[in-house]
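Number of protein chains: 2
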Amino acid sequence: MTETSEEMIREIARAARRASRVVAKAPNSQRNQALVEIAVALRKSSAQIIAANQEDLEMAVAKNLSSAMIDRLTLSETRIQNITDAVCSIAKAPDLVGRIERRQVRPNGLRIARMRIPLGVIAMIYESRPNVTIDAAALCIKAGNAVILRGGSEAAASNRALGEAVSVGLLAAGLPAETAQVVPTTDRAAIDILLACEAEIDLVIPRGGEGLIRAVSEKSRIPVIKHYKGVCHVYVHAKADLEMALSIAENAKVHRPGVCNAAETILVDRGIAQEFVPRLVERFSSIGVEVRGDPETVVLHGAALLANEEDWGTEYLDRIVSLRVVDDLSSAIKHIEDYGSDHTEAIVTADEKVAEKFLHLVNSSTVVVNASTRFADGGELGLGAEIGISTTRLHAYGPMGAEGLTTTKFIVEGDGQIRQ
Amino acid sequence: MTETSEEMIREIARAARRASRVVAKAPNSQRNQALVEIAVALRKSSAQIIAANQEDLEMAVAKNLSSAMIDRLTLSETRIQNITDAVCSIAKAPDLVGRIERRQVRPNGLRIARMRIPLGVIAMIYESRPNVTIDAAALCIKAGNAVILRGGSEAAASNRALGEAVSVGLLAAGLPAETAQVVPTTDRAAIDILLACEAEIDLVIPRGGEGLIRAVSEKSRIPVIKHYKGVCHVYVHAKADLEMALSIAENAKVHRPGVCNAAETILVDRGIAQEFVPRLVERFSSIGVEVRGDPETVVLHGAALLANEEDWGTEYLDRIVSLRVVDDLSSAIKHIEDYGSDHTEAIVTADEKVAEKFLHLVNSSTVVVNASTRFADGGELGLGAEIGISTTRLHAYGPMGAEGLTTTKFIVEGDGQIRQ
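In the order they appear, the protein sequences are chains A and B.
Its first residue numbered 135, the first sequence is counted upward by one per residue in the working numbering.
Its first residue numbered 135, the second sequence is counted upward by one per residue in the working numbering.
Looking at chain A on its own, in the form it has when it is part of the complex:
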């Protein structure tokens, strides 16, 4: 990277810091107005966005990218409509900045509360899907932050076109265009420079494959919110409704096998293994899911292949599932602690006490009773939209929406009180 381009990246970070001071002080109405203007600009420029996306798609075909990747990359009129709808719903969501929480009056008459405020400057580093550019920009603006958007090279033209619409919208609402900046180079070195801008950037959120996320967190001097992978479990307890268990296991595995909240391992209680394992293996086989089981499973149904130690920690992101018979609730929890990723675990049981124990003793970021792991998602959990998922416990744990992009300050109101 040339010295000029290095300086350009640093200037992006400094401009973000300056813009963050303006956007933080703006009233909520102005930030919401900016979101509406962004939606308008996206619609007006949809032809240009689709043309830019076409460039990216031609490159993707030339580079022989997989059809799944090409699908994620593609923008159509319908997809742009969905993206603008999401922006509008973020505009309409309850305001965060300036919200007063946890009021109390102290014995000395001081009135104490917390007021929600923005974090400052967020850097998003992500791959392929261009809709992240808009979702992230919209959530950061809603929360009063500035954002630096550094998407993947395969979506470079699309991201530039989307970023253009965001600038137009911000300016139309009287906010600085630098509130949301798309980094105009996909040179990898740009990421390293951003990750060293400690004075200008408050938080880095990487989204993409485990490789990208590890590289970002190893290099960053700035706090990183992340999850490496989702090795999610469904534990079918001895007192489970077996039809419900089949339906949840199937949905958790195959509804979208390529995402982080898909199940990778089904744990079956020994008490029902003889009856349930064969039914489960048959169900999976009938829908084209490869089952890799422990020896007990393989004995119970010949269609299961023998799993090895590595399988228990693998995020397949594919139509493959591992299957293990466990003694009881404690062994299930032990397996989850040994091999899980703190993402999402579900139990299927009709026993309320067992469900309660599972909820208390499993400390993954989302814990589910009698429902699919696929609900571990900001939208499904009522956060409105999601900027990422954290599997580390500092600041945010689990799906993270606009509120995760804020913090609170203490406010104290008195009548002249001094400390004695």
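These are computed hints drawn from the structure, not numbers from a lab.
It is possible that some hints are incorrect.
No copy is singled out in the list; a pair is fine if it fits within one copy or between any two copies.
Below, in silico cross-link-like pairs of lysine-lysine (DSS-like), each with a Cα-Cα straight-line distance of 30 Å or less [to be verified]:
#1 Lys360 to Lys159
#2 Lys363 to Lys159
#3 Lys487 to Lys360
#4 Lys353 to Lys363
#5 Lys487 to Lys159
#6 Lys491 to Lys159
#7 Lys159 to Lys468
#8 Lys178 to Lys487
#9 Lys373 to Lys468
#10 Lys226 to Lys468
#11 Lys353 to Lys491
#12 Lys373 to Lys159
#13 Lys491 to Lys360
#14 Lys226 to Lys491
#15 Lys373 to Lys197
#16 Lys226 to Lys487
#17 Lys468 to Lys197
#18 Lys197 to Lys491
#19 Lys363 to Lys491
#20 Lys178 to Lys226
Given the structure is predicted, the values throughout are model-derived calculations rather than measurements.
Chain A is fixed; fit chain B onto it per the hints.
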């Protein structure tokens, strides 16, 4: 440091991780019982603790430590009584682990909530005051965490004796002694080893001088919650009650000049400068506080020395105050943004609209209207006790109590819901 002692430090970290799993799963009643047993053990062993403290004090005298440092180091029967009272009040405080928050029912019938859980393993790295050993241990245990305590060399014997009482209390309640471990060496290299134990330690909290805190945050591979310094401001607005302003400025500066929430700079609105600056300079002079002012201040009262640029960013921790005349609310806020440390700022004003603006536009971690900056303290703000203060916005901002040592997981309860 020898290989054996390096391995010993790593084993402390691993033992803390193992203990953290046990203490996290224990019921709240058992953790509270441990706190009570610790209070009992402290009382029973007060003679040994005071004898150990005597060793430290003799060393301190031999090393010619300042009388202020010796005072901070000293433990007496009364101080031990205060420490045990604090532990008992933490035991009686509302429980955190397992607390359910923000319940909601989704349109598909899923019942969503958040459940509070411990962070895991905390490492405290601190200087001189031995009461931190007990305060930190008690807050970490209350929140269901394990803690590694690494105090300063000047309190080594006292900290060992206090740690002994903590172990006795934990064991008496059936919890592992490794839930709270005092590092048995004051070799500086031990800190570096702890700061590299990423897999075993979740959070580092340094407390002490700016030098210690900078050294810890530069070296740590683990997230650090910290504040470097407190350059706190009192802004006396044109519509202030001047008697109240004098009383607050004095209290903020001299109630305890050596602590981080003491005021360092008083900003005076030009509208009242002619009347108020001479009164303020006289008040400070009469109580032995050196005033360093901008040229306008010096013209208004000859007792003020001329401040230089460096003064505005200095945390004096002493009976020195800087004083500046500002044009209006905006210039006051601009000064705070340019020179402040995001710790605590106060305004004195009778104008509610101005107070409201100050509360919204100043994003320091504690913002105060018509009261002393000295209230920026966990106890005074109703947190029960304080483990530290954060001036960075991730995870915690401002004074941090036991709740700051926890996070929340999402819990989801359904009746067989799958994702469509």
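We went through each hint and held it up to the structure:
1. In this assembly of identical chains, the alpha carbons of Lys360 and Lys159 lie at most 30 Å apart whether taken from the same copy (28 Å) or from different copies (25 Å).
2. Only between protomers do Lys363 and Lys159 lie at most 30 Å apart by alpha-carbon distance; the minimum there is 25 Å, versus 37 Å within a single protomer.
3. Taking the shortest alpha-carbon separations for Lys487 and Lys360, neither the intra-copy value of 33 Å nor the inter-copy value of 41 Å comes in at or below 30 Å.
4. Taking the shortest alpha-carbon separations for Lys353 and Lys363, both the intra-copy value of 19 Å and the inter-copy value of 27 Å come in at or below 30 Å.
5. In this assembly of identical chains, Lys487 and Lys159 lie within 30 Å of each other by CA distance solely across copies; the values are 16 Å between and 49 Å within a copy.
6. When the C-alpha separation of Lys491 and Lys159 is checked against a cutoff of 30 Å, the pair qualifies only between copies, where the shortest distance is 10 Å, while the shortest distance within a copy is 45 Å.
7. Taking CA atoms no more than 30 Å apart as the test, Lys159 paired with Lys468 passes between copies only; the shortest distance there is 13 Å, against 49 Å inside one copy.
8. Within a single copy, Lys178 and Lys487 get their C-alpha atoms no closer than 55 Å, and across copies no closer than 41 Å, so neither meets the 30 Å cut-off.
9. Only within a single protomer do Lys373 and Lys468 lie at most 30 Å apart by alpha-carbon distance; the minimum there is 19 Å, versus 64 Å between protomers.
10. Taking CA atoms no more than 30 Å apart as the test, Lys226 paired with Lys468 passes in neither setting, with 43 Å inside one copy and 32 Å between copies.
11. Proximity of Lys353 to Lys491 under the C-alpha cut-off of 30 Å is found in neither arrangement, the shortest distances being 39 Å within a copy and 39 Å between copies.
12. Taking the shortest Cα distances, Lys373 and Lys159 sit within 30 Å of each other only across copies (23 Å), while inside one copy they are farther apart (55 Å).
13. For a Cα distance limit of 30 Å, the shortest separation of Lys491 from Lys360 inside one copy, 28 Å, qualifies, whereas the shortest one across copies, 35 Å, does not.
14. With identical chains, the CA atoms of Lys226 and Lys491 are at most 30 Å apart between copies only, with a shortest distance of 25 Å across copies and 38 Å within one.
15. For the homomeric pair Lys373 and Lys197, neither the shortest alpha-carbon distance inside one copy (51 Å) nor that between copies (68 Å) is at most 30 Å.
16. Taking the closest pair of Cα atoms, Lys226 and Lys487 come within 30 Å of each other only across two copies (27 Å); inside a single copy the shortest separation is 40 Å, beyond that limit.
17. For a Cα distance limit of 30 Å, the shortest separation of Lys468 from Lys197 qualifies neither inside one copy, at 44 Å, nor across copies, at 52 Å.
18. Proximity of Lys197 to Lys491 under the C-alpha cut-off of 30 Å is found in neither arrangement, the shortest distances being 50 Å within a copy and 55 Å between copies.
19. In the homo-oligomer, the alpha carbons of Lys363 and Lys491 lie at most 30 Å apart inside one protomer (25 Å), although the nearest pairing across protomers, at 44 Å, exceeds that limit.
20. When the C-alpha separation of Lys178 and Lys226 is checked against a cutoff of 30 Å, the pair qualifies only within one copy, where the shortest distance is 21 Å, while the shortest distance between copies is 61 Å.
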